[in-house]
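A.B. asks: Got chain A; can you put chains B and C on it based on the hints?
Here's the letter readout for the chains.
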Amino acid sequence: MTKTNSEEWIRQVLFKGGIPLLTFGIFLLIWSRASAGIQTNLGQVPGPGQVVEQVKSLAYEHMNERQKAVEFYKTQKERNAKKLSEDPSAQVKVRKYTGKPTYLDQIGTSLRTVFTGFLIASVVAVPLGILCGLNRTVMTALNPLIQIFKPVSPVAWLPIVTMVVSAVYAVPKDWLPKSYVISSITVSLCCLWPSLINTSIGVSSLDKDYINVGRVLKLGFFAKVFKIVLPASMPYVFAGLRISLGVGWIVLIASEMLAQNPGLGKFIWDEFQNGSSQSLARIMVAVFTIGLIGFALDRVMLFFQKLASFGTEQRA
Amino acid sequence: MAFLELEDVSKSYGQGRDRIEVLHGIDLEVEEGEFVAVLGFSGTGKTTLVSLIGGLIRPDRGSVRLNGKEVLNPGPHCGFVFQNYSLLPWLSARKNIDLVVDHLFKDWTKSKRRDHVDRYLEMVHLSAAAEKKPRELSGGMRQRVSVARALAMNPQMLLLDEPLGALDAITRASLQAEISKIWSRDRKTVVLVTNDIDEAILLADRIVPLTPGPRATLGPIFTVSLPRPRTRAEFNEDPVYKRLRNDITKYFLSFRHGTRDTEADIRLPNIRPLEMAVR
Amino acid sequence: MNPNLEIPQKYLRPYLHFSDLTKEFQTAGGDPFVAVDHFELRVAKEEFVSIIGHSGCGKSTVLMIVAGLESFTRGGVFLDNRLVDGAAPDRGVVFQSPSLFPWMTSFENVMLGVRQVYPHASASQRRDLCCYYLTRVGLGSAIHQRASSLSGGMKQRVNLARAFALKPKLLLLDEPFGMLDSLTRAELQEVLLEVWNTEKITAVMITHDVDEALFLSDRVVMMTSGPRAKVGGVLDIDFPRPRKKEEVIERSDYYKKRGVLIDFLEGGRSKGPGVPARLALSGTRTFLNGVAEDA
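First to last, the protein sequences are chains A, B and C. Counting along the first sequence from 1, when you hit position 123 you're at 249 in my numbering, and nothing is skipped either side. Counting along the second sequence from 1, when you hit position 187 you're at 326 in my numbering, and nothing is skipped either side. Counting along the third sequence from 1, when you hit position 50 you're at 900 in my numbering, and nothing is skipped either side.
Next comes chain A alone, as it looks inside the complex (with noise of 0.2 Å):
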């Protein structure tokens, strides 16, 4: 590096990363000074004292469950083995731990559920939207059914999803919670629209002469669509798929909520009824997480975007 490149590079990271950090000091300051002057039914408003200090009892409960949950299977093995070594043809139970969920495993649960609906959306939207690029007659017939249902809320669709679901999947398996499927599908079924709208406009807006020189060559319907269509609008689909997640990450916590899909929704909605003195605390660990692993979310999809885009245009 040249002298003016490293000077360059320094004068880029003061910026880029001083000035937010100095923001979000100043942001650290009027909070703690607002929260002091604000009582609640539940307390004092918390400030970024008391969430940091629920941040370390999280983790700390978290690591007090493990340890719990090993103990017991400890146990459990040692007591079945006694069991068989006393009477060979003795039945020996061996029953699951039964532990409330700790703060990660919601964590964990809130992903999982988000990428299925996330999943099923995107491959539905995907092919549709194509379709309805290529061919005008199915845009105008999914135009009307895609703008009434695109605004309508989670909190909407959930009683009519959980009834549904019920019905049809009466006996829920244990690996796959109704509250899991209902939270998924309520997901999907909100974060369906920006992938099948930006999928479509894609895939209308190529370019002609791509599509000209796919009729001169005289390809195929599906020739013209998987080395041509896709990966032109390659740049369009993965912005739709990338608003998509954040549509999905917002809708997730009040599905979880009401349909008490243990993930952080259901850890808000819990200690909002449990209404203890940490609750607010804990509820603004919530908060941050969840804005956290947004942002995340969006940096790996943002990543996966500009992958698609061909180097120099970078569309949406």
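Keep in mind that the hints were calculated from the coordinates and are not lab data. Fair warning: there could be bad hints in the mix.
[Unchecked claim] FRET-style restraints, in silico, Cβ to Cβ: (1) C:A878 to A:I152: 55 to 63 Å; (2) B:Q154 to C:R1091: 44 to 52 Å; (3) B:K271 to C:D1086: 44 to 52 Å; (4) B:G172 to C:R996: 47 to 55 Å; (5) C:S974 to A:G144: 57 to 65 Å; (6) B:F394 to C:S1102: 44 to 52 Å; (7) B:K389 to C:D1086: 24 to 32 Å; (8) A:F429 to C:Q995: 23 to 31 Å; (9) A:V139 to B:K245: 44 to 52 Å; (10) C:Q995 to A:Y186: 29 to 37 Å; (11) A:V139 to B:W247: 19 to 27 Å; (12) A:I156 to C:A878: 53 to 61 Å.
The beta-carbon is built from N, C-alpha and C at its ideal position, and this holds for glycine as well.
C.D. replies: Coordinates of chains B and C only, in the frame set by chain A:
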């Protein structure tokens, strides 16, 4: 000392390893009242050169001097006409010019300013369309408003950056004739940047080619000794025009990449394409 | 006007025949918009014809019709005695915008068409074909470079290679070098001419650049402005081949012919009523607005 002087002007962009020297060692002298055309191709740094002369950017090396003083900032001393008109779309043609005139000539009376604007609208034959908004005007008319606006500033010199590039052939031809006429009246100092050889020959006193980049510099000067007023129709008969045009064309052709690896070592397979059944 | 105008031998049964071609566009309520009206032109085999005219006069429409990418209302276009109906690789098209697929390399872009058109050839033959034409257009060192990283000029070279590799019966070029600067344009004109000279393909090119038309073509067709665009005149370019740009511009008749074309474009003749179909058949004399002139 010439009216406009560029001395050893160089400009680079980029950092470190990606640093590209766009212009290198540009020397140019333009006398007052002269019409000089800089002829070059897209991407060679023409816009950079115009921006340097007008003070929009500063050179990394060398200096730009107007009337002896170094040009450090843009200002009313230099009237710009760009390729994309840059008219404010929510103002009428007249108001676009008013904007500039009201700002620069604050100490004039209102009627003096109005007469001033009227004069230039008349000069570009747009008096009738003065109250129209840019979107109601054709490309050629918008460009005329741009020219009127630049002239209304009473600048010391005019900088035209491929002003007619976005217009069709007929409009281009008629605007070239108009620019020629307007210039003959005022005899302002003009630097025109273009990639159209015929436009340069029609309008300029001297033609200076810009060599292909990077590190573009100015080539040998071609003097246009054709008498004014010049019309395109006469050109085809005039041996001086033909000679000049051919010389400039050949100068640029000399920059073609000499060797192309077209030696196909690969033998062409002797196959015919499948007869595709016509639908 | 001589009613007993003789049609030269080579145009009697032309390889490409635009026969009384008319194209109307339906407007939303009202009379149809007649873009092209009774367009009549005959092109002999291995001839290089340019079409010049103002923007929006219907030149591209005519080209798209013969390419099979646009429908027509009346008349028709006959290639090798067959009516053109739909697009096919026997009419190779070089578009103005670099219509290369940026996610593929130069090689893959050419291979896409080659695979379609030579299914009976072996993989190595197809590979050789792609590499051959890419080398002929001067891209030997960029064969496996991603199309998105190529410059505009290089992209158009790939376009040319792609078109030539399909060995079409007819090469159609729609202002192929319009987006490039004059220097790259001059280089590519030479590349085009060089490959065309050896491949001997009938070609129809649309251009705005009068000098380009003079340098490349055997005949230049002047199209009147739309609507109802038709042939306004035909200019014979009998410069000997092979041609070099520096020599061509020094010819004594170069500027005279150039004047004819510029006059047509800028002198308002392009708005004239056009040449009656019969007179546009031959190309040996220049016809402007029905009056024969010697160029």
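A.B. asks: Going back to the hint list, which numbers does this structure go against?
C.D. replies: Hint check: 6, 10 and 11 fail, others pass.
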